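Peer 1: The residues making up each chain are set out below.
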Amino acid sequence: MPDPIELTLRHQMNSRDERNLLDHTVQGIVGSPLDRPEGPLKVRGTATYADEDHPPGTVYGWLVRSTVGKGWVVGLNTSELRAMPGVLAVIRDDRLIRNPAQGQAGKAPYQGPAEVFYKGQPIAVVVAETMEQARDAALAARAQYDDRTDKGVFTPERASYETPPKKQATQGDLDKEMDAAAFRVDLEYTTPTMSHSAMEPHAAVAWWEDGQLKVRGSYQMLKHNVEELADALGISPKKVRILSPYVGGGFGSKLGISHEAVGAAIAAQKVGRPVAIALHRRQVYETTMRRSESRQRVRLACDRDGQLTAVGHEAWVSNLPGERFSEPVTQATPFTYRGENRLIGHHVGRLNITAAGSMRAPGEAIGVPVTEAALDELAEAAGLCPVELRLRNIPDKDPTTGKPYSGNRLADCLRRGAESFGWADRPQPGTRRDGEWLIGMGMTSAIRVNMLENSAARVTLAADGTALVETDMTDIGTGSYAILTQIAAEVLGLPMDRVTTMLGDSDLPASSGSGGSFGAASAGSSVMLAAQAVRDRLAERMGCDPGELTLKDGTAIAGNRQRQIVDLLAGDSLQGTGEIEPGTTSQDHRQACWGAQFAEVAVSSVTGEVQVRRLSAVFATGRILNPKTARSQCIGGMIFGIGQALHEEVMTDPRDGGFVNRDLAEYHIPANLDVPHIDVEFLDDRDPYANPMQAKGIGELACCGTAGAIVNAIANATGKRFHHFPVTLDKVLAKLD
Amino acid sequence: MRPFTYTRAATPAEAIGSAARIIAGGTNLLDLMKHQVETPDRLCDVNHVGLDRVERDGDGLRIGALVRNSDLAADDAVRTDWPLLSRAILAGASGQIRNRATTGGNLMQRTRCYYFYDIDAPCNKREPGSGCAAIGGRTRLHAILGASDQCIATYPGDMAVALSALDATVEVEGPEGRREIAATAFHRLPGTTPERDTELRPGEMILSVRLPAPLGGRQIYRKVRDRRSYAFALVSVAAAVGMKDGRMETVRLAFGSVAAKPWRAIEAEAMLAGQAPSADLFDRAADVVLAGAQGYGDNDFKIPLLRRTMRAVLAEATQETM
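Protein sequences appear in the order of chains Z and F.
Here the working numbering is used: position 651 in the first sequence is 659, and no number is missing along the way.
Here the working numbering is used: position 296 in the second sequence is 300, and no number is missing along the way.
Rather than coming from a laboratory, the hints here were simulated on the basis of the structure.
Note that the structure is predicted; figures quoted are calculated from it, not measured.
C-beta atoms are modelled at their ideal positions from N, C-alpha and C, and glycine is treated no differently.
Careful: at least some of the hints might be erroneous.
[Said to hold, decoys possible] Derived coverage of chain F by chain Z (criterion: at least 3 residues anywhere in the stretch with Cβ under 8 Å from a Cβ of chain Z; other residues may be distant):
hint: 1; region: 111-119
hint: 2; region: 181-190
hint: 3; region: 231-241
Here chain Z stands alone, though its shape is the one from the complex (with noise of 0.2 Å):
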């Protein structure tokens, strides 16, 4: 076959889009609720994750746990260890990490198998020929220690606080504004450590092949994740790739490299052979990320209008000594509601529990629901409706920053969202009965930032009228397969069938990956470039402009001529390459998605059981690019809200940091059970500050809030508030007759 013709099209969002690309095809394909076209793959158990394909010759490796809070290993059983059966070797190398990458670190972790910082940090990797080898073998490990444990710090009231002066903000007086308005609250909420509980543990297979590194691995950033790796190595990220076709859930906990991958890499290195480590559950929920405890206080007031004039909104979050990242609780607080007396604060404690990184919505899935349920009590305080409340303060610009927003349709998702759930019905708190349970309705806005990232793609148009798109993003089993698809056969006029698309592998070009709900636009916007570069040649071949050119099904039409594609081609192929850069639209506009939230609970007034009866929301979030799975992404942020109201709490035992309820029998998230009748709708939007295609983020809008709904039911059905998550039924009890 002959070269393709190489083209590329740049474009960096400096400017509000114009062109609208995806609103003049006619494919028709784009905003459709098509299927997965990896879904068979999927239903069928053939897609191959991570774990499910070994190299010849693969072995087994399984991470050594430290059972002490604190200290350092000064010896290890290795000889006996060694002697076991099928065991290949144990390592304890400099290079294994302490925790994993925070997301797009680009670089190793902290390293360093020797101290412990927590319990249940790895210290060692023993190899075997079968993983149950492996595994006896590590759970015969006897580690001499330094056990420094009582000099641990394990819970936020023992930690002492930073206080990061970049991570302060104040505007007016808000001391001043507390004490002199007409109503007010000044709260405080705690929300526990919470774990991702992806379906697919941690998993990863190694091997060297002529002084080159493949890892098949289950990652949600492929570009970051190359350089991390190669960095825990130390060697050259050209010389490591990396391999993540399917990804069993993520939600944070696979964006940055993790044990598995640096333990495999270094063990493949020591005894010559591929090794393939996955982790154990409890593994995965005691050496992955978690997200961070919160304590929030939340400082409202109001005037006899309901206009808020003071919002005050402090965290104290956790992380291990040394991790940069802090859980960026109040993220949302100073561009939602109107107030000129403001004041964030933000603080980090160092605890010896698992590191903190990203889970879903970093912030605002923590932080929205907390200041959603004390705008609540500000509302009940002021006598007016919450969603009144709400109306009467969505500002017409950010009032922190002055900047106007790129959108805000928060207005019209309140209004359409009371409208369709049925608010108007709501009872007066603690009057409404079903035999024993009170009911209650409850409702909060949703926000989550959106965001734009620098993305690549290759969309190959093939001689016989084939495409081909090709980039390192992944599908976490959020729809990338499906949506990539779409646009590419969007632009290209062709049906889905004909389109093939490429994903997970890092020597394709580099993506954003998954994460921060940004994937969908920022690959997605790169796919669109890449085929636009193809169309544009297309456009020339037919000589007329790019604007005045119509593909669908393969034809190519121009006025009144029509000529199919493939023999515009002439036996070429067209090989586009796409790069999306964020630019200043980013910085001088107010970016957020919107939405809002309405939830009806059952309380039992016997047993202080909750059940969630419905829950309806309704999104603007720019344009929908699959009205399916993106449905699918908003059901399962609402689920993940419903845990996080009443079910999800990582305990650590006190004495050590460690966790207790390690596994998916009792760290609870929500059972079908558990999950009511769920409505999404999403109303008609663009937003052409965002990218290229005007979409926005989808899957961590919809759990920023829903908690905040559930809880603000929970005290419309019981007249009692609760400041304390998950709203478990013995915090109820204590607080029923």
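Fit chain F to the supplied structure of chain Z, relying on the hints for placement.
Peer 2: Just chain F now, with coordinates in the frame of chain Z:
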């Protein structure tokens, strides 16, 4: 998992008296072995020995030890005459687990204490004399009744709570012959020997569970838990109450997940029987059940929870039918 030898018994006799650990559904034992909480050298698989039928037994019922939980819950006779048992079973685990789990195996289910499952933690039940990490640790699942300073674990199951309330017996056979153990006496309180969960002796195998004649009345199993399915009970209440002329004639009451065994409330039953139902009476009966109850921090709420749930279940069971 450590290496072990595996044999498959064709008849109960091949399993009885064997030093091998008996495995049936494996829904608990396999996890215990993976975590090396249990490390048996030999396993004897009894899935093929028969004992897999539910049969009439006079006025009662004989349930083979290998009858699957799903089959037992769906059995017509059980659903009609011992609905408490059906309800309790269906409140437990998940559909997949109930398809696999057996009647005998379910009785042998071990505690879910977090520290019992952590071989790096001291645990007198797993390793006698090593201590109890739960005391002073996290105790949401733990006992409020009948615990000792050696162990505060609970028996986590649902089926056995109903069996206790229904006065079932467990038929076992060992090298020294057959015997029957009352379901209420099958599980043990920890005392100074928390390593022994049950009265089953080495070499003995459960053959069947026998139910006496149906109790009639209203039968309720209420399981209170942290989510609506696939969670162990925080407190469960099994009640069977027969009414006559506005008074409680027969009363059976047992509680789950509050002690190392299903907690049959004989004294409270006696107090209630023959009386007209009233909130005050239920409260006093709860006082009797909870005399000596002790919380360990996280689980303090189980004490009021048991009281409230018991009162509500009794109120429901004694309500006049419409």
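Peer 1: Can you tell me if the region 111-119 of chain F counts as covered by chain Z, using C-beta to C-beta distances under 8 Å and a minimum of three residues?
Peer 2: With 3 residues close enough to chain Z, the hint holds.
Peer 1: Quick check: the region 181-190 of chain F, covered by chain Z? Criterion 3+ residues, Cβ under 8 Å.
Peer 2: Check failed, 0 qualifying residues.
Peer 1: Count the residues of the region 231-241 of chain F whose Cβ falls closer than 8 Å to any Cβ of chain Z, and tell me whether that reaches three.
Peer 2: Since 7 is at least three, the answer is holds.
The structure is inconsistent with hint 2 alone, although it conforms to all the rest.
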